[in-house]
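Engineer: Spelled out, the chains give:
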Amino acid sequence: MPGAIYAEGLVKTFGDVKALDGVDLDVPEGTVLGLLGPNGAGKTTTVRCLTTLLRPDSGTAVVAGIDVLKHPDAVRRSVGLSGQFAAVDEYLTGRENLQMVGQLYQMRAKAAKQRAVELLEQFNLTDAADRPTKTYSGGMRRRLDLAAALVVRPPVMFMDEPTTGLDPRNRQQLWDVIKQLVSGGTTLLLTTQYLEEADHLAHDICVVDHGRVIARGTSDQLKARTGGERVEVVVHEREHITAAAEVLRGFGKGDTTVEEHTRKLTVPVTGGPKLLAEVIRELDSRGIEMDDIGLRRPTLDDVFLSLTGHAAEEKPEENGTVANPKARKRTKETAQ
Amino acid sequence: MSSGPEAVPAAASSNVFSQSVRDSLVVAKRNLIRMTRIPEMVIFGLIQPIMFVVLFSYVFGGSMEIGGSNSPAAYRNFLMAGIFAQTVTFATAGAGAGIADDMHKGLIDRFRSLPMARGAVLTGRTLADLVQTALTLLVLAVVALLVGWRVGSDAGTNAGKVLAAFGLLLLTGYAFTWIGALIGLSVRTPEAATSGGLIWLFPVTFISNAFVDSSHMTPWLRHIAEWNPFSATVQACRTLFGNPGASPSDAWPMAHPVWASLIYSVLIIAIFRTLAVRKYRSATA
Numbered sequence: 044m045p046g047a048i049y050a051e052g053l054v055k056t057f058g059d060v061k062a063l064d065g066v067d068l069d070v071p072e073g074t075v076l077g078l079l080g081p082n083g084a085g086k087t088t089t090v091r092c093l094t095t096l097l098r099p100d101s102g103t104a105v106v107a108g109i110d111v112l113k114h115p116d117a118v119r120r121s122v123g124l125s126g127q128f129a130a131v132d133e134y135l136t137g138r139e140n141l142q143m144v145g146q147l148y149q150m151r152a153k154a155a156k157q158r159a160v161e162l163l164e165q166f167n168l169t170d171a172a173d174r175p176t177k178t179y180s181g182g183m184r185r186r187l188d189l190a191a192a193l194v195v196r197p198p199v200m201f202m203d204e205p206t207t208g209l210d211p212r213n214r215q216q217l218w219d220v221i222k223q224l225v226s227g228g229t230t231l232l233l234t235t236q237y238l239e240e241a242d243h244l245a246h247d248i249c250v251v252d253h254g255r256v257i258a259r260g261t262s263d264q265l266k267a268r269t270g271g272e273r274v275e276v277v278v279h280e281r282e283h284i285t286a287a288a289e290v291l292r293g294f295g296k297g298d299t300t301v302e303e304h305t306r307k308l309t310v311p312v313t314g315g316p317k318l319l320a321e322v323i324r325e326l327d328s329r330g331i332e333m334d335d336i337g338l339r340r341p342t343l344d345d346v347f348l349s350l351t352g353h354a355a356e357e358k359p360e361e362n363g364t365v366a367n368p369k370a371r372k373r374t375k376e377t378a379q
Numbered sequence: 013m014s015s016g017p018e019a020v021p022a023a024a025s026s027n028v029f030s031q032s033v034r035d036s037l038v039v040a041k042r043n044l045i046r047m048t049r050i051p052e053m054v055i056f057g058l059i060q061p062i063m064f065v066v067l068f069s070y071v072f073g074g075s076m077e078i079g080g081s082n083s084p085a086a087y088r089n090f091l092m093a094g095i096f097a098q099t100v101t102f103a104t105a106g107a108g109a110g111i112a113d114d115m116h117k118g119l120i121d122r123f124r125s126l127p128m129a130r131g132a133v134l135t136g137r138t139l140a141d142l143v144q145t146a147l148t149l150l151v152l153a154v155v156a157l158l159v160g161w162r163v164g165s166d167a168g169t170n171a172g173k174v175l176a177a178f179g180l181l182l183l184t185g186y187a188f189t190w191i192g193a194l195i196g197l198s199v200r201t202p203e204a205a206t207s208g209g210l211i212w213l214f215p216v217t218f219i220s221n222a223f224v225d226s227s228h229m230t231p232w233l234r235h236i237a238e239w240n241p242f243s244a245t246v247q248a249c250r251t252l253f254g255n256p257g258a259s260p261s262d263a264w265p266m267a268h269p270v271w272a273s274l275i276y277s278v279l280i281i282a283i284f285r286t287l288a289v290r291k292y293r294s295a296t297a
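Listed in order, the protein sequences are those of chains X and R. Numbered according to our numbering, the first sequence spans residues 44 to 379. Numbered according to our numbering, the second sequence spans residues 13 to 297.
It cannot be assumed that every hint is accurate.
[Claimed, not checked] Restraint ranges, calculated between C-beta atoms of paired labels, are given here:
{"hint": "1", "chain 1": "R", "residue 1": "48", "chain 2": "X", "residue 2": "61", "range": "45 to 53 Å"}
{"hint": "2", "chain 1": "X", "residue 1": "58", "chain 2": "R", "residue 2": "30", "range": "34 to 42 Å"}
{"hint": "3", "chain 1": "R", "residue 1": "293", "chain 2": "X", "residue 2": "170", "range": "35 to 43 Å"}
{"hint": "4", "chain 1": "X", "residue 1": "267", "chain 2": "R", "residue 2": "293", "range": "43 to 51 Å"}
{"hint": "5", "chain 1": "R", "residue 1": "293", "chain 2": "X", "residue 2": "59", "range": "22 to 30 Å"}
{"hint": "6", "chain 1": "R", "residue 1": "207", "chain 2": "X", "residue 2": "340", "range": "52 to 60 Å"}
{"hint": "7", "chain 1": "X", "residue 1": "161", "chain 2": "R", "residue 2": "207", "range": "39 to 47 Å"}
{"hint": "8", "chain 1": "X", "residue 1": "239", "chain 2": "R", "residue 2": "293", "range": "32 to 40 Å"}
{"hint": "9", "chain 1": "R", "residue 1": "227", "chain 2": "X", "residue 2": "174", "range": "55 to 63 Å"}
What the hints contain is simulated information worked out from the structure, not anything from laboratory work. As the structure is a prediction and not an experimental result, all values here were calculated from the model. Just so it is clear, CB atoms sit at the ideal spot from N, CA and C, and this is done for glycine as well.
Please construct the entire structure, taking both the sequences and the accompanying hints into account.
Structural biologist: Following this line, the structure appears as structure tokens:
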């Protein structure tokens, strides 16, 4: 029995560009699949094919038990789509936007009105309900966009980079909303270029690159594939780097990497906290002063790097935000 | 892995046509609300035709020979049908820009992901534009009266005919917004839709009988002008208003302007609505 979202061999070509090169997906009901990949990997094209916005050149897709290519209208009645551009009318108020979407989902005017009130309440937008959405903050607009996708309580949801361009606080808020939604039994396919986001929200992750799924599994499985834990040390004095490297070699299960300018040394290990304690004692006994030391598990960033040979194109800065990725994304998509 | 048994939800209970009407009205309402929130767009839409009325009637009036008369009054009466018709066609650019903007902002994606009637987004937009066009025509008619435009006093002109003329103008404007819709769906940016939606209107409205007597043009240009769908509406309005027209012509649309205008408009709607809806269904922003 296929899952709530099922795709086999999706291919889509734009001119010379093979945007999708045989994408297979299977998302069990009530779970979250994170589609992870850099810009231009084919994440958005996949979502567009599954939500009837784009017809794939070949392949099959079944959403909520309905064949997407044969019964697109029936699929539209069963899915909610929240895109990366917060598609709400900026001159309409939040309430008017939701009522309009409700009516276009074929709800009666009165029912659409009632549902809008509920959603505004649920998404904490009641105070702003009667202001044009032009005046909303980015986070409020995303929440409204998400609310619009939920008007008919669809069993299957698609979110295309729901938090791209949001500040950390708004991102956290949206994550909470998404978690709540999933706990209610909704099946969700989420695309993101934030490794942290997939880690946080998704049960399963598909890593996409150049229109193909290059790896799939849980976050832990993917990390295990990349290798186990490692010890990271930042020494206080540059002169201590060589001595510290010697110590780490004694404990390590692989090559020690050294970043001279940050005075950071990394070595793969097995043995967990106990081993870490030994490393600390050894370094200490040799009088090597440390600024930082810790046991690190691989991040999805490491996973991505080891799978694709390149980092997730735009490396998140410390707070996880990327300088205007929306604009860049736009250019890319249009170019296709 | 096969796709297994399919569950197909029951189709929406009401029939396709009534759903289409309902959805179109929902979208039209959305566009009308937008107009009230961006009044400057409506105001600029009014200023341009008013400017044309004033400029043409005072600058050209007096140097144009209409029906053997050089009087500014004769030209004003000749001119107004042309200005009215030009005004309704310029609604095209607004429709195109609006739809391109909706694509650009992802709203078309939103609409296309909803289980709504396929043509409703475009029909709703063109209906809302029709309301704006009607409003513009009303204001323009008042300004025209102020600068001295009068419907013919000769026998045969009556209120019914004047209303019929405005009806034809609205129909022509409605037909042209479908061309705008297609342009809006075909270009990549709202800016391109605005300029692309305007450029072609200049030859269409100027190679016509709208501002000058087309019988004075070189023969090949005259043929184009006389068979121009836009000229048919202008000529029909002059006939119905009882205003002086171009010199008599053998061209069928000029001899039967009301029918010609009706047929042209219906044809334009049939062709461009079909093309625009097809384009919409495969639109990708």
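Engineer: Confirm or reject each hint.
Structural biologist: Going down the list of hints, with the structure as the test:
no. : hint                         : in the structure
1   : R:48 with X:61: 45 to 53 Å   : 46 Å, holds
2   : X:58 with R:30: 34 to 42 Å   : 41 Å, holds
3   : R:293 with X:170: 35 to 43 Å : 39 Å, holds
4   : X:267 with R:293: 43 to 51 Å : 45 Å, holds
5   : R:293 with X:59: 22 to 30 Å  : 24 Å, holds
6   : R:207 with X:340: 52 to 60 Å : 55 Å, holds
7   : X:161 with R:207: 39 to 47 Å : 44 Å, holds
8   : X:239 with R:293: 32 to 40 Å : 38 Å, holds
9   : R:227 with X:174: 55 to 63 Å : 58 Å, holds
In terms of the numbered hints stated before, the structure departs from none.
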